[in-house]
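Residue numbers (my numbering), protein chains in the order written: chain A, 4 to 434; chain B, 4 to 434.
None of these hints come from the bench; they were simulated from the model. There's no promise every hint is true.
So these bits of chain B aren't anywhere near chain A, every CB distance computed over 12 Å [to be verified]:
#	residue
1	PRO7
2	ARG83
3	GLY163
4	ARG169
5	GLY201
6	ASP294
7	ALA298
8	THR331
9	THR343
10	PRO367
11	ALA378
Here are the simulated lysine-lysine pairs, DSBU-like style, with alpha carbons at most 35 Å apart [to be verified]:
#	chain 1	residue 1	chain 2	residue 2
12	A	LYS364	A	LYS170
13	B	LYS170	B	LYS216
14	A	LYS364	B	LYS170
15	A	LYS170	B	LYS364
16	B	LYS170	A	LYS170
17	B	LYS216	B	LYS364
In this text, a Cβ means the ideal position worked out from N, Cα and C, and glycines have one as well.
2 protein chains.
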Amino acid sequence: MSEPFDAVDVIVTKRDGGRLSEAQIDWVLDAYTRGVVADEQMSALAMAILLNGMDRAEIARWTAAMIASGERMDFSGLSRPTADKHSTGGVGDKITLPLAPLVAVFGVAVPQLSGRGLGHTGGTLDKLESVPGWRAALSNDEMMRQLEDVGAVICAAGSGLAPADRKLYALRDVTGTVEAIPLIASSIMSKKIAEGTGSLVLDVKVGSGAFMKDAERAGELARTMVELGTDAGVRTVALLTDMSTPLGLTAGNALEVRESVEVLAGGGPADVVELTVALAREMLDAAGRPDADPAAALADGRAMDVWRRMIAAQGGDPDAPLPVARETEQVVAEADGVLTTLDAYAVGVAAWRLGAGRARKEDPVQAGAGVELHARPGDRVRAGQPLLTLHTDTPERFARAREALAGGVVVAPEAPAAAPRPLVLDRVAAG
Amino acid sequence: MSEPFDAVDVIVTKRDGGRLSEAQIDWVLDAYTRGVVADEQMSALAMAILLNGMDRAEIARWTAAMIASGERMDFSGLSRPTADKHSTGGVGDKITLPLAPLVAVFGVAVPQLSGRGLGHTGGTLDKLESVPGWRAALSNDEMMRQLEDVGAVICAAGSGLAPADRKLYALRDVTGTVEAIPLIASSIMSKKIAEGTGSLVLDVKVGSGAFMKDAERAGELARTMVELGTDAGVRTVALLTDMSTPLGLTAGNALEVRESVEVLAGGGPADVVELTVALAREMLDAAGRPDADPAAALADGRAMDVWRRMIAAQGGDPDAPLPVARETEQVVAEADGVLTTLDAYAVGVAAWRLGAGRARKEDPVQAGAGVELHARPGDRVRAGQPLLTLHTDTPERFARAREALAGGVVVAPEAPAAAPRPLVLDRVAAG
Chain A
4 MSEPFDAVDV IVTKRDGGRL SEAQIDWVLD AYTRGVVADE QMSALAMAIL LNGMDRAEIA
64 RWTAAMIASG ERMDFSGLSR PTADKHSTGG VGDKITLPLA PLVAVFGVAV PQLSGRGLGH
124 TGGTLDKLES VPGWRAALSN DEMMRQLEDV GAVICAAGSG LAPADRKLYA LRDVTGTVEA
184 IPLIASSIMS KKIAEGTGSL VLDVKVGSGA FMKDAERAGE LARTMVELGT DAGVRTVALL
244 TDMSTPLGLT AGNALEVRES VEVLAGGGPA DVVELTVALA REMLDAAGRP DADPAAALAD
304 GRAMDVWRRM IAAQGGDPDA PLPVARETEQ VVAEADGVLT TLDAYAVGVA AWRLGAGRAR
364 KEDPVQAGAG VELHARPGDR VRAGQPLLTL HTDTPERFAR AREALAGGVV VAPEAPAAAP
424 RPLVLDRVAA G
Chain B
4 MSEPFDAVDV IVTKRDGGRL SEAQIDWVLD AYTRGVVADE QMSALAMAIL LNGMDRAEIA
64 RWTAAMIASG ERMDFSGLSR PTADKHSTGG VGDKITLPLA PLVAVFGVAV PQLSGRGLGH
124 TGGTLDKLES VPGWRAALSN DEMMRQLEDV GAVICAAGSG LAPADRKLYA LRDVTGTVEA
184 IPLIASSIMS KKIAEGTGSL VLDVKVGSGA FMKDAERAGE LARTMVELGT DAGVRTVALL
244 TDMSTPLGLT AGNALEVRES VEVLAGGGPA DVVELTVALA REMLDAAGRP DADPAAALAD
304 GRAMDVWRRM IAAQGGDPDA PLPVARETEQ VVAEADGVLT TLDAYAVGVA AWRLGAGRAR
364 KEDPVQAGAG VELHARPGDR VRAGQPLLTL HTDTPERFAR AREALAGGVV VAPEAPAAAP
424 RPLVLDRVAA G
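Work the whole structure out from these sequences, hints included.
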């Protein structure tokens, strides 16, 4: 046998609480990519990692080994600095859409390699695909040219970056091992580091609609990722942001594009604007543009100009009407009072069931489906007043969407005593 | 989807330290047998069970579900009570060979479904297959007839008992999840309960040559198995016995048969006789024969008579000469002193490398290969005196067998201060 390690020995090391050596980590990920380490062995190892953890050096090596499984991109030939952003995913999180063109206004290249939605959170590519003509797949050359000419690109991540991560993620998804912080952090960061960005801002969501429900674990994930980026030479900062209620007033593909365009036109919901500007400032700071004024670039139309050029460069028509769902239904307040809860997870599942999301990678999505919000937590409402509009092409879906909302939309006679949660909860930078 | 559970939910329940419900356990083992739960999902669950444990009720249900995956045998038609014995495996452990006929002398039926060796411990079937003509495979009818006529049968377990266990064991073997006590206990007990024995005596080995190296874990395994048997209506007792040095003076297939015949002839090494009689007393007690005198039945030839009939009933010739290895080499004492260590694991690996054992299920074994011991720990020895004889058909194996013995055979100038360990360390019965 020419393999330097035995998979069982590697598994047993972690199972018994030991440290994996650099050579063990390099081998196990390479051998897994080659099919020498079997899926059932990797899933046992993933469970042992989830329950027994990895230290900072182990996680860094694990990430490096995933990067080494594929190709690396190189933006050093661009005339501009690069900055990228990653969100851990939430309900109504359309921030990438206004953010990428906004940062590009200031001469920073934003190479935003994005994914599709799965489950109750939407995907950036699904949203943009509701723009008539727009295409997600670009060659490396097309991407480089667009970064140089327009400054911003949002496109599908190629299959060449960290292929070990793609294989491992699919395995974790079916084996109850998604929730391991070392594996989440290395999965995200391997792709971002392989992509070759100079700086990176992470938006780590906390709350019912987020992958991380509590701030402690979200903070641990943020610190782990900032360490990994920093150790790999990428200027990395993370914001912890609230995801207990949806971002903005829409969840759904075309609905969110419409709201993003409102923000780019200088309007839009306050929370979407606040987070877009906060993340833009971090990206601009990290990319060496501390004096840039992103709020001004939203107000005066410069961000909208880049948006239109970005959409057009990928075949999209920024002036074409967006798709609209065939059917709508309203959810109304049953009594007078205050909207105390508008739960992000409930809204996310409702939008998914209406057709905006998918349960399996290969499922299609409806461009027009989703949920539109007419009130925010803390708002006074009257009996009969519309709280939400549900959108779908397939009205048999309304009933299950309403089931998802049960308990997630609460109108109480009195306002809650607690102050509303701030949107940006914390900031994590290299220590 | 018509499945009542999702595999990921079951995994996550155990991963997060929860109890699996009876319905979850029934489903996951049935679905695994059907191939609906994939290997990579079951291995993640096995790792979560190993690290987070199962309680008594969970283990009992897990065992019941494994039994339900296959057929059950029924000995209630026999005119005699049944008693069975299981050993967790050790080096030189040939006890089943004299024990089964010895217990049958007293009108108790002994249906001994056995396995083959893997790694450094031998298998009962491999040993008996060194008897010319003997065959391990019997139909259920043949087995029942032999139990009624002879009283003892040692044969291969059919593939119909607990098929879920066979599939799960093969998976655990390659995923570092063999060492989970709930899974070890349910694996052993599912087959013994499905087999339908009325009483069961467990020989749980402790020490370097055993699967369990320390007495605490061996005790936990013994208690778990006694609870499982008792809860299933099988009178179950366990002895914890020493496996720091080999049992008897031989390790290897034909070598161990020869030693077993010596015991049946009223002779043989004292430790083999002691353990054979101790286990026979437990089996006879449990089967309602408390006044039987097994030592007398060894001395007066009654056990030998049953042995000869048992071998002949399965096609074997009890008078045929046993196979002998083509080549032998001796390991001699390098100095005068006391043999302080004769390590069971070292001897087991040496016998395996000489050809007595196998690394993979499908490998053949050599009938004559193995290790013969000429001294026991505590014996005074002189420089140049033979301590071991190595037997093999393939002399190129001697060098690697000697490597296995390095450090495992120690002659020291003075005797150790500690008293020798007793052979039977503890007894565990239903509380």
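Quiz item: Any of the earlier hints contradicted here, and which numbers?
Solution: When the structure is compared with the hints, none of them turns out to be violated.
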